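*Asks:* Required output: the full structure, derived from the provided sequences and hints.
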Amino acid sequence: MEDERPLSSALVIEPFQGERYPEMPTLTFIFGLCLSLSTAFYFHAGEREEKCIIEDIPSDTLLTGTFRIQQWDTRRHDFLESAPGLGMFVTVTTYNDEVLLSKLYGPQGTFYFTSHSPGEHIICLESNSTRLVSFGGSKLRIHLEIRVGQHDLDAAAAQAKDKVNEVSFKLERLIEQIEQIVKEQNYQRDREENFRMTSEDTNSNVLWWAFAQTLIFIAIGIFQMKHLKDFFIAKKLV
1 MEDERPLSSA LVIEPFQGER YPEMPTLTFI FGLCLSLSTA FYFHAGEREE KCIIEDIPSD
61 TLLTGTFRIQ QWDTRRHDFL ESAPGLGMFV TVTTYNDEVL LSKLYGPQGT FYFTSHSPGE
121 HIICLESNST RLVSFGGSKL RIHLEIRVGQ HDLDAAAAQA KDKVNEVSFK LERLIEQIEQ
181 IVKEQNYQRD REENFRMTSE DTNSNVLWWA FAQTLIFIAI GIFQMKHLKD FFIAKKLV
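For the sequence shown, position 86 (counting from the first letter as 1) is numbered 86 according to my numbering, and the numbering increases by one without interruption.
What the hints contain is simulated information worked out from the structure, not anything from laboratory work. Incorrect hints may appear among the rest.
[Stated by the list, open to error] In silico EDC-like cross-links for lysine to aspartate or glutamate, where the CA-CA straight-line distance does not exceed 20 Å:
| no. | residue 1 | residue 2 |
| --- | --- | --- |
| 1 | K103 | E145 |
| 2 | K103 | E50 |
| 3 | K183 | E193 |
| 4 | K183 | E50 |
| 5 | K183 | D97 |
| 6 | K183 | E172 |
| 7 | K103 | E49 |
| 8 | K51 | D97 |
| 9 | K139 | E50 |
| 10 | K139 | D78 |
| 11 | K139 | E55 |
| 12 | K103 | E55 |
| 13 | K51 | E120 |
| 14 | K183 | D56 |
| 15 | K51 | E172 |
| 16 | K139 | D73 |
| 17 | K183 | E120 |
| 18 | K103 | E172 |
Note that the structure is predicted; figures quoted are calculated from it, not measured.
*Replies:* This is the structure:
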């Protein structure tokens, strides 16, 4: 069986495909620089093995995941398209055990969910196969693409009947990406503030503990000196 390749992240650049308008050079340039940040990778799993990933996202953020399953063929020694009937359970939970999504999909599909609170969200995938690897089950290769804070406007833009509608869709996408960037910045700023407060509390506790240790050592020293003095006096050595 082939070795697994490491996970990789992909930065998908989607340039503006429309004609250049002489009267709108600025908008055309902005659309040409429009970036869509996504994470695309694949991983291997057994037919009844659950794999989970963690996404740390702000609140009220849309996350879109697209997956596709390939199954190991022992005769061709390669991963081929999965057999009919093989599907994928997708479960999304928070660290508070709140279930945001739990659904059975086919061998390929797209799932969506919107975060209700900031923090880490756990995305788990498991096939609906009843066979274990040790009892005849085969390995699966799962291709997964994660997009955060994006709406799929490309299809609508492609179906636009005129260039004005296409420009409108592109502008809406650009505005949404700007809003997502601002949301991410605010979320990271809040996390940084919480981390700073935790660090300051920890440093304060360490300082007070060191001060308490010093007092304890001084008290123990005084007690030992007094005890030795009383011992010497009792033995009439002093």
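*Asks:* Hints first: check each against the structure and report whether it holds.
*Replies:* Taking the hints in turn, this is what the structure says about them:
Of the supplied pair hints, the one linking K103 and E145 holds, its CA atoms being roughly 18 Å apart against a limit of 20 Å. The hinted pair formed by K103 and E50 meets the criterion: a straight-line CA distance of about 14 Å does not exceed 20 Å. Only pairs whose Cα atoms come within 20 Å are accepted, and K183 paired with E193 is accepted, the gap being roughly 15 Å. Note on K183 and E50: the hinted pairing is violated, with a Cα-Cα distance of about 31 Å set against a maximum of 20 Å.
With a C-alpha separation of about 24 Å, the suggested pairing of K183 with D97 is violated against the 20 Å cut-off. Between K183 and E172, the direct Cα distance comes to roughly 17 Å. Compliance with the 20 Å bound is thereby established for this hinted pair. Between K103 and E49 the CA atoms are separated by roughly 17 Å; this keeps the pair inside 20 Å, and the hint holds. Among the hinted pairs, K51 with D97 is consistent with the structure: their alpha-carbon atoms are about 17 Å apart, no more than 20 Å.
Restraint check for K139 and E50: satisfied, since their Cα atoms lie roughly 12 Å apart, inside the 20 Å limit. Under the criterion of a C-alpha separation no larger than 20 Å, the hint pairing K139 with D78 is consistent with the structure, at around 10 Å. A distance of roughly 25 Å separates the Cα atoms of K139 and E55; the hinted pair therefore is violated under the 20 Å criterion. A C-alpha spacing of about 19 Å is found between K103 and E55, which places the hinted pair at or below 20 Å, so the restraint holds.
Straight-line distance between C-alpha atoms of K51 and E120 comes to about 16 Å, which keeps the hinted pair within the 20 Å bound. Annotation: proposed proximity of K183 to D56 holds, straight-line Cα distance about 13 Å (limit 20 Å). Distance restraint check for K51 and E172: the Cα-Cα separation of roughly 35 Å exceeds the 20 Å cut-off, and the hinted pair is therefore not satisfied. A C-alpha spacing of about 9 Å is found between K139 and D73, which places the hinted pair at or below 20 Å, so the restraint holds.
About 15 Å separates the Cα atoms of K183 and E120, which keeps this hinted pair within 20 Å; it holds. Distance hint between K103 and E172 is unfulfilled; the C-alpha atoms sit about 30 Å from each other, more than 20 Å.
When held up to the earlier numbered hints, the structure conflicts with 4, 5, 11, 15 and 18 and fits the remainder.
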